[in-house]
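Student: Listed here are the chains, written in short residue letters.
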Amino acid sequence: MFAAVPEHSLLTGPLYYSSLPLWITMIPMLAGIGIYFLKDHWEAVRKGAALVVSFFALVGVILLFPYSLTGVVSYDLIDFMQMGLFFEVDLIGWIFSFLITAVWFLATVFSFAYMDLEHNRRRYYSVLIFTLGATLGVVMAGDFFTLFLFFELMTLSSFILVIHQQDVQSMKAGILYLYLGIFGGLSLLFAIMMLFSATGSVDIAPALDLLGTQRTAIFVFFLIGFGIKAGIVPLHIWLPQAHPVAPSPASALLSGIMIKAGAYGILRVSLILFSAPGELSAPDASYMFIVGNVLMWIGIVTMLAGAAMALLQSNMKRILAYSSVSQMGYIVTGLGVAAFAGIEGGMGFAGAVYHVINHAFFKAGLFIMVGTIYIYTHELELPRLGGMIKKMPLVAATFIIAAFGIAGIPGFNGYPSKTLVHDALLIAFRDYGLISINVAEKIFVLTSALTICYFIKLFRGVFLGPVPEKLDRDYKLPFSVNAVLSSFALIIIVIGLFPNLILERVLVPVAETLKYEGYAMDHLYHFHFFEWHPIEAMIIVVILAVIIYIPAAYRGWFDWKPPWWLSVYALIYQPVTYRLMDVTCRAGVMVDSSVDSAYNRSGSAARTWCNYIGNFDSGLDRFYETSGKAARKLADRSTDMDSRLDDFYEKSGKAARKLADRSTDMDSALDDAYRKTAETAKKMVDQTSKAESRLDGVYDRAGRKTREEIEKRLSEKREKTGRFDPAKWTTKNLSFDTLLLVLVLSIVLLVIFYFGRTL
Amino acid sequence: MAQATVIAIMIAIVGFPILMTPVIMYSCRFSEKLRNTLSIITSAIVFVLTLLLYPFVIDGGEIQFTLFEVLPNLEISLRLDILSFCLAVLASFIWFLCTVYSLDYMAKEHACGRYYPVLIFTLGSCQGIFFAGDLFSLFVFFELMSLIAYILVIHEETEEALKAGYKYLVMTIIGGLALFFGMIIIFELGGTVSLGVGVIIEESSALAFLAFICFLIGFGMKAGMFPLHVWLPDAHPVAPSPASALLSGIMLKTGAYGLIRVIFHVFSPELMKSSGWDLVLSVLAVITILLGSAVALTQTDIKRRLAYSSISQLGYVLLGLSILNSNAVIGAVFHIFSHAFMKSVLFLAAGAIIWNTGKRQIADLKGIGREMPVTMGCFSVAALAMIGIPPLNGFLSKWTLALGALDANMAIYVLVLLISSLLNALYYLPIIIPAFFELPDGNNHDHQEDHAHQELQFNIREATPAMLSVMIILALCTFIFGLTPNNVAFTLSRLTSEFLLMGGF
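These protein sequence lines map, in sequence, to chains A and B.
For the first sequence, the working numbering gives the first residue as 1110, with consecutive numbering after it.
For the second sequence, the working numbering gives the first residue as 220, with consecutive numbering after it.
To spell it out: a stretch of chain B is covered by chain A in this simulated footprint if at least three of its residues, at any positions, have a beta carbon under 8 angstroms from a beta carbon of chain A; those stretches are:
(1) 631-638
(2) 649-657
(3) 702-708
Lysine-lysine pairs mimicking DSBU-like chemistry, simulated, CA-CA at most 30 angstroms apart:
(4) B:Lys-585 x A:Lys-1281
(5) B:Lys-585 x A:Lys-1148
(6) B:Lys-327 x B:Lys-382
(7) B:Lys-585 x B:Lys-327
(8) A:Lys-1814 x A:Lys-1799
(9) A:Lys-1792 x A:Lys-1821
(10) A:Lys-1826 x A:Lys-1785
(11) A:Lys-1585 x A:Lys-1500
(12) A:Lys-1281 x B:Lys-578
Over 12 angstroms on every C-beta distance to chain A, these chain B residues come out as not near it, computed from the model:
(13) Ile-237
(14) Leu-271
(15) Ile-282
(16) Leu-286
(17) Gly-495
(18) Asn-575
(19) Asn-678
(20) Leu-695
Just so you know, the hints here were simulated from the structure itself, not pulled from any lab data.
From the three backbone atoms N, C-alpha and C, an ideal C-beta is built for every residue, glycine too.
This is chain A alone, in the form it adopts within the complex:
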């Protein structure tokens, strides 16, 4: 995406097109990767490369100054990541870039001495230099997309710095840092996506009027995303854990520089994306009043909570880490005041940016001083330290300077920025007359007093008192450490003595590009830091600090350890995250396993049904079988019957034959009878003829008559046997056809009778 100059552009000067911002970010990142592949024992090469690269970045940023002062240096890589990478260095970006490179350079030099006692130096230097590039990318990015990209890279690579020790404590802190960082990154991404969908661009340019109803959501997600990095309460919990466990130069960078990336983001969102002073419509202005107030109160709470917690710590680095939280509160307060004050916000803005600059120097310096003590004593706990002022006078001197800076003592660098933020609160109270702002101002004063208290505690613990026996030996600091410490002290003093230099040369021009005007700006043009009025405020703070410190230290209140359950972590984070994770996992597993078991159950139900069907099937089978059996039985039976019938037929046939035989017999018997009769008759005829012949004449007539009579009877008899006479109908003269007919009829009857019985 080409950076088309948007309507509400903040550009006031010419646009310089240069690839220098690209190289300033890319060369450290590439060099960081390269350093990892150097051989382990090439210590000097590694150190040299780190030094050269960080120096290159510093020089590159300084070269950009004249261009950023008068205009904007921009460069874009069209189509990279499809959205295009877009670099744009305006004066705000330049201030942050310069801080980053300057402090990074000093920290890198300090690393040479510090890291000699550490393991894994190859990884350390590689990541250190890589993170430089990523962090520079954040502040040189020209749109939120590019910013997000480098922001994520910075989170990931600085994670490796945090867990450098790899012991239980640092792993725990690092993982908390990483998860919160990724959570913040995602909420940032969400905000950027919503911004893009609402406005069609991801440019860092005023767009409040385009955001519509989503503006609150966008602001909240931006605030979460950047706020986690900036360590605002209650998103700060990773900070006091992660900063102390890192190696000291890395702590210095984490506390001094990287949390500023969060502040930078909040600045860009709340003062540029969300407001363009002088151009806001009335409803937008009243909306910004609310947003600014919320931001201011977040800052106030952060500064007070951080300072209070810092008072209760006994670990040097933890005190400094909580102090960072507290100081971020000052910056956010300044931004909040600037956001709600509209065109009068110049004072708050200048104060916040000034405090960013100052905090970077004194907090990085303090971590490095503490780190120096650690190099030689391997001790971070206050009760086990003491008397270092005799052993390391230079460290003690620079420490006092830095502590004066953070406490806001006139003549040191914290003073001008705190004064500006304080004045911004006073001006806002004068303009709006709200009690809440007055209360905020009182808390501001109290916090400043507490700041002095915990630094008195820290200084007494480390430098005053007797030297523990274990640590009683001579310490000789190398030149590089001395040089770094002196540089920090020098910068703190120079800014403190000439506060108007930065204010007039840098901050006022920036405020002008943001179109701030009115009383606050008039005041800024010729701000007199060394007047009675601001100094009076500081005197009040110091007196208050003394009043608080003496009785509290006397009664040992600062040694009170707040119970674990009172911490934000135990109160909010742990229950919320545990509950959420628990619910998520449990719900997920429940749904998943219930779906799975639903399948299994439906499978087994299907199998049960199949079983039923199978049962039915086998029932049918059995039915067929039994019916088959029955049929077979039936068939058997009918076969039986058949054969019986057969038998019957056979028998009846035999009977018939017998009958026929008998009838034949009878026939032949009849024949015989006939023949016999005929023979008898012939005999009788013979006898008669004999008697005739004997009685020839006598019995002639009688003989004839008898013969006639016999012949008559014989013919009669013949007639009788040859004719059918129904009266004489007996089985003897039944024909075979009739027999069969009767038989069939009887069989039919039999069959009917049989089935009538069985069915």
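Chain A is fixed; fit chain B onto it per the hints.
Tutor: Leaving out everything else, chain B in the frame of chain A:
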């Protein structure tokens, strides 16, 4: 390029590996080396042939070609357009790399004589799915691939694998039947099942909705959509790792591809929107995303965790398809690319770890980054891409999908995507961080003097160069297709989206 040439190439892409299958199977008798060489050459040739289609496709070329008619109006036909090309080129590329990876990985495994022919045959049928010109051919190739892939799933032949394979088979058959039913309804309603006629069903009706649901079941089953995903977390982990990579990286995408075809070429986006069917898909997609991520958190086996992650990632694609505007479709298609690269690296790296050390449990992987730095490095790059860390490709697909969701005024989908990203971080980082940074138990030094002047002990036992180079190439792809300006994958996705939504580009 002449149409005839293009058709010939397409036939070769589908036919060649299928023809080579018996050859490879036969070559096992002579030597393993011959078999391996043939497998590699086949997959390489398919990849090269697919690449040859690029100039034709990029000019907006489109081919619909009937091979033969099975029944009147029911034919086996081939089709080439930009969507087919996207998936075909992706599939053949990953297939080629996985085949190379298999050479070393499978050397320790049994039954390679079965593995390679099946692998190559699946490639052919997979390409067939992408080149199918009508629902019938699509169905035929889909079933072919699903059934053959069963052999890949049960390769180990353990009880677990057989059980998972059985589940896979049953689900595949259910899906296949649903597809078949849907196809019949479409044929009945529209008289054709060709994908070349633009839109077959123009009006919403109960029957058409039934067909849509059938397709949703059939293709959604393959894509691991809730509630049809149950086979996936069982089947993917038990397969040999290169096969898991292909199952998760490519074969899941055939389901998504089928849905794209159905939504755009059978029905139409307008119909989907006006009839409210997209709501069904989007609700299922949201559930799939959240469910997959949440359950992945609780898995202790690395491959099972990856499988659940696949479910949630395919949910992204389905979500993009349900939103149905330009950005969302670009995101969906680009996520098909992204996920193929990321998930194959993850599975291959997990496979290399298992291959090398036999460790599957995440708790055992402490310090593995010092034993296998390159493998674990590739794993980390892919896992970061999954989480959506810029400038890797996973971020780009999430970004595009989210823009699509915001274009449709559905900020809630963006929240779903981001919650899923957070969950991704929660289940991938606990693998990576201990692998690189946590020291083995009992070796936590509290005294710095002890370990001053020492670097971390690297005790390197890496996988073989071939395996490593495959993983490195794929891991580089996640980087290249995220950051670089001339992003082929993104351009293809954009052109595909234009083709699908506007009917040309």
